[in-house]
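These protein sequence lines are chains A and B, in that order. Residue numbering for the first sequence follows my numbering, starting at 1 and increasing by one per position. Residue numbering for the second sequence follows my numbering, starting at 451 and increasing by one per position.
Calculated directly from the structure, the hints in this document are not laboratory data. It is possible that some hints are incorrect.
Reference listing, derived: stretches of chain A covered by chain B, where coverage requires no fewer than 3 residues with Cβ under 8 Å from a Cβ of chain B [unchecked claim]:
id: 1; segment: 19–29
id: 2; segment: 132–144
id: 3; segment: 370–379
Derived coverage of chain B by chain A (criterion: at least 3 residues anywhere in the stretch with Cβ under 8 Å from a Cβ of chain A; other residues may be distant) [stated by the list, open to error]:
id: 4; segment: 462–471
id: 5; segment: 505–515
id: 6; segment: 563–576
Computed from a predicted model, the values in this text were never measured in an experiment. By construction, the Cβ of each residue, glycine as well, lies at the ideal position given by its N, Cα and C atoms.
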Amino acid sequence: MMGDRHNPRMRRRGQGGYLVVLFVIIVAFVGVLASMQVLVLTSVATTSRAYDSFRQGSIELPRIQRAVTESLFDQCQIGAPAATATLADALSARLLELAPAGSSISVVTVPDSLPAAITFPSSTASPDSFAAVPLDLQPYLTPELYTLLGPQVVAYPECRFAFTSARTVLGTAYTFPSEVRARLIAVPLTRFPIAAYELPVDIGTTPTAASPASAMPAGLVPTRDAAFVADLQGQSGVLPYHYRQRSVTAAAYQYVFSQAYIDRVAEYAGIAHFCDLAATTGTATLAGLTKAGTIATWDLGHAGSGTYGTITTASDAAVVFTESAGYDLRLVDSVGDSTGSPLFLLVLGPANASVGALALDLSSLARPVVIVGYNVRVTAGTAVAVNGALFLDPASTLAASTPVTLGHLSYWAGATAVDAADVNATGVMTAAAQALAPRVLYVATRAARL
Amino acid sequence: MHSGRGFVLIEVLIVLLISSVVVAAILGGLVALVRGLQPQDIVVNGEALPVAPTFGAFPSAVRLHEAFSNHVSAARATYVFGGRHLSIPANAPAAQLAPLKIQALPQIADFTAGLPMDAKSFYDTYADVLGDTEAAPNADDFSIIVIEPGDTGLTVGCLVQVRRTDVGISDGNARTDYTTREVKLWEPGTAEPLRYAYAERHGQTDPVFIGAVHTWMRFQLSPAQREEGPACVVFPDPWVYSGSRGQADDLPAFSRFSYFLAVSP
Numbered sequence: 001m002m003g004d005r006h007n008p009r010m011r012r013r014g015q016g017g018y019l020v021v022l023f024v025i026i027v028a029f030v031g032v033l034a035s036m037q038v039l040v041l042t043s044v045a046t047t048s049r050a051y052d053s054f055r056q057g058s059i060e061l062p063r064i065q066r067a068v069t070e071s072l073f074d075q076c077q078i079g080a081p082a083a084t085a086t087l088a089d090a091l092s093a094r095l096l097e098l099a100p101a102g103s104s105i106s107v108v109t110v111p112d113s114l115p116a117a118i119t120f121p122s123s124t125a126s127p128d129s130f131a132a133v134p135l136d137l138q139p140y141l142t143p144e145l146y147t148l149l150g151p152q153v154v155a156y157p158e159c160r161f162a163f164t165s166a167r168t169v170l171g172t173a174y175t176f177p178s179e180v181r182a183r184l185i186a187v188p189l190t191r192f193p194i195a196a197y198e199l200p201v202d203i204g205t206t207p208t209a210a211s212p213a214s215a216m217p218a219g220l221v222p223t224r225d226a227a228f229v230a231d232l233q234g235q236s237g238v239l240p241y242h243y244r245q246r247s248v249t250a251a252a253y254q255y256v257f258s259q260a261y262i263d264r265v266a267e268y269a270g271i272a273h274f275c276d277l278a279a280t281t282g283t284a285t286l287a288g289l290t291k292a293g294t295i296a297t298w299d300l301g302h303a304g305s306g307t308y309g310t311i312t313t314a315s316d317a318a319v320v321f322t323e324s325a326g327y328d329l330r331l332v333d334s335v336g337d338s339t340g341s342p343l344f345l346l347v348l349g350p351a352n353a354s355v356g357a358l359a360l361d362l363s364s365l366a367r368p369v370v371i372v373g374y375n376v377r378v379t380a381g382t383a384v385a386v387n388g389a390l391f392l393d394p395a396s397t398l399a400a401s402t403p404v405t406l407g408h409l410s411y412w413a414g415a416t417a418v419d420a421a422d423v424n425a426t427g428v429m430t431a432a433a434q435a436l437a438p439r440v441l442y443v444a445t446r447a448a449r450l
Numbered sequence: 451m452h453s454g455r456g457f458v459l460i461e462v463l464i465v466l467l468i469s470s471v472v473v474a475a476i477l478g479g480l481v482a483l484v485r486g487l488q489p490q491d492i493v494v495n496g497e498a499l500p501v502a503p504t505f506g507a508f509p510s511a512v513r514l515h516e517a518f519s520n521h522v523s524a525a526r527a528t529y530v531f532g533g534r535h536l537s538i539p540a541n542a543p544a545a546q547l548a549p550l551k552i553q554a555l556p557q558i559a560d561f562t563a564g565l566p567m568d569a570k571s572f573y574d575t576y577a578d579v580l581g582d583t584e585a586a587p588n589a590d591d592f593s594i595i596v597i598e599p600g601d602t603g604l605t606v607g608c609l610v611q612v613r614r615t616d617v618g619i620s621d622g623n624a625r626t627d628y629t630t631r632e633v634k635l636w637e638p639g640t641a642e643p644l645r646y647a648y649a650e651r652h653g654q655t656d657p658v659f660i661g662a663v664h665t666w667m668r669f670q671l672s673p674a675q676r677e678e679g680p681a682c683v684v685f686p687d688p689w690v691y692s693g694s695r696g697q698a699d700d701l702p703a704f705s706r707f708s709y710f711l712a713v714s715p
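Isolated chain B, as found in the complex:
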């Protein structure tokens, strides 16, 4: 018997149950609606890629860049392939060097041929190991090879590949354009590369520069007269780019995963 002044316990429980189901259904519906409009991941070539800004790929990115920073700290030489050469003629041979195709750590057993002062000469010296270059790379693509001290001589410490691909996802009559970003790092002793990959809505990060920019201390057509300066390389960030939050005095948005890599550290 109830008092006649309120709910009995069973009524409260029923109310809680029904209310929870209703509220959960409403919130779930809202979340599904939001996700439908702005999906959390898309499937590209059978792989589900999280859509930026995503925390899902961020830990992987940090792990990769921790490893890369360690390699750069120990580097004897760092060569960047691909990217922009803004300070030399666009048709100069060094500007035509595209990112490497290779998808494994190159094994250079003998460094007696030396370490040249620019990436193009390095590629020419060890082309038989480095393989082909990309035929039609994106402007954001680049490759990095870090040379480090080995047990007896020098060794290739790591290979990094950074790629951008533009894809369109169709859903019925609707089509949404995405940009996928992928970063892979191979280092000795590991079979699988460190990797992070994600998608971003097309144009989402247009204000952020991603890619490589080369500088030159001296450029001549003759390899003996060429000397490359540090290259500024900017990796994609799957989370939030630092900088601009819409305030007038903000910095332009930039990636925390940026490096200034000297050929001859």
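Chain A on its own, in the form it takes in the complex:
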């Protein structure tokens, strides 16, 4: 009897079985290859997601740093109204806006107090002294701050903030500790020989603003937008923040030409140094100042003392003003002592600029002086040199027979009647006079993961 193997039916069954085995083997090989491919793809996907999460975290750090910077600006700005919220509360509020869904940022450490920046005029203390940029300030400086700071600054001690951010990455909860260190830096507005400033709420400019004659770095133009700073704070990108420190400079000028600043200087100068040019009685009598009709001549070489009634005091600041147009104040210096004590003069023309300005005629002044003019029409003869600074508000004008030599000139970039070419900014700006000049307070921060 023949075996089953010789049975054609059984042989076909054996061949079919072999094909099934072969098919299973091929499927197994392909399955292994496919599994390896899936494994690689899964690894890449996991790596990509992990990297993207890392990038998200790395972006978080500069945003925390920015929140600290803004909170310090709010708390410390010279001339700004006192902040109602504590630093910790203000910071927490900002961080709450920063934290995206699924993460939280907590404040761990906030300094108990911030350094108090003492500026002129202060009735309680001398203004903080300027010094060269210390080496330990370097790690806080960006190119923009490097440009704005200049050689003389007041670098206040470091403040440290610590944070913890909690975030879920690939289904796992992590906490990331970080710290931000901050320094407040006061800089005199006389830092640039000539500054064509912009004001946050003003509109308009002239070619003078972009002229090389202006040593002020460009970039204040965006600050003409009243909502500029607020808009900055609402942005998460890097670009809108580019002008942040310079918007502070613009805000500092806005304060200098504000009623709050006038009040502060007037309070410091006192009633014996508060002189109405139009009044013959009931006003201060300043040493060295004589009046002849609408013309007042003030010999700054003898200035310093002032009398009102029975009150006689000496001061390094005075406020001279007129409420009416047509008056002329002539500044001279018969002593010519360039080492004399510096003077701070606030010269105010009529509050309503449309009625006219107070004429301010400059002769050469050796005694160091800082003049802040509101609605004044500045004129100067030939070869006039003033040892000090001249700050002009947007309503003021300047005309000179030959370029006036000054230690510093600030004028509104939109002014059409002030030409930087009328000024030779190579004059003397003594350290003593610089100490009386208005200041701007910058905030420099740096952040690190812990």
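Go by the hints and put chain B onto chain A.
Coordinates of chain B only, in the frame set by chain A:
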């Protein structure tokens, strides 16, 4: 003895063995054929470079960009050399600044000369340390220097070099053109740079922009009047570019390794 109804065990084992060998040979041949047509790596200057898209270089890329992101987070200033200046005249001096040649972390001991507001002025200030620039760079090439806080003052946190080279690989009478991409990052305390390099078939990533684009807040010929804005830098990606998958509403392909680097963060 077998039953006469199927295979005995030894037959099954022999069948499995022969089948496995045959299938492995067939699959191996297919893989070799595919690899021959589309090689997984090529040898350039004695170095085997994986051909994109390759997972082989991806972990190295992630490690490098993790380090770079950390440096950028701590940056006090970031300067990008080389790349395109689209918003200023092409013949303007700043546009002529090529990537740096230097292949080591530059040591600037004294930063009292300051941090200028643009890369060209930075180079002019510290040229003695930064050395020469590339004589004939590719348009995709660029260099980055990140300045960071140091122990006492400022320090150079990292140097990044990104280079593209076009090469042709001959195989008998056939010649295939490739583009090689190389990214290196030097940081303090490490002798060897972090690096990833790979090759891609010529034109493979043409739709993807790789390189640097500078923006300017203000440009004048005088350095004192120049102010550079953030530079957009896009690194090559050895794996798969995000974006376009061929759908009409897809984004254009882009690299995940893209940064917006402000000179003054």
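Each hint tested on the structure:
1. Counting residues of the segment 19–29 of chain A whose beta carbon lies closer than 8 Å to any beta carbon of chain B gives 5, which reaches the threshold of three, so the coverage claim holds.
2. By the rule of at least three residues with a Cβ nearer than 8 Å to a Cβ of chain B, the coverage given for the segment 132–144 of chain A holds, with 9 such residues.
3. As drawn, the segment 370–379 of chain A meets chain B at 0 residues by the rule of a beta-carbon pair under 8 Å; below three, the given contact is violated.
4. Beta-carbon proximity to chain A at under 8 Å applies to 5 residues in the segment 462–471 of chain B; the threshold of 3 is reached and the given coverage holds.
5. Check on the segment 505–515 of chain B: 5 of its residues sit with their Cβ under 8 Å from a Cβ of chain A, so the three-residue criterion for coverage holds.
6. Remark: the segment 563–576 of chain B is confirmed as covered by chain A, as 4 of its residues place a Cβ nearer than 8 Å to a Cβ of that chain, reaching the required three.
Violation of the numbered hints given earlier is confined to hint 3; every other hint is satisfied by the structure.
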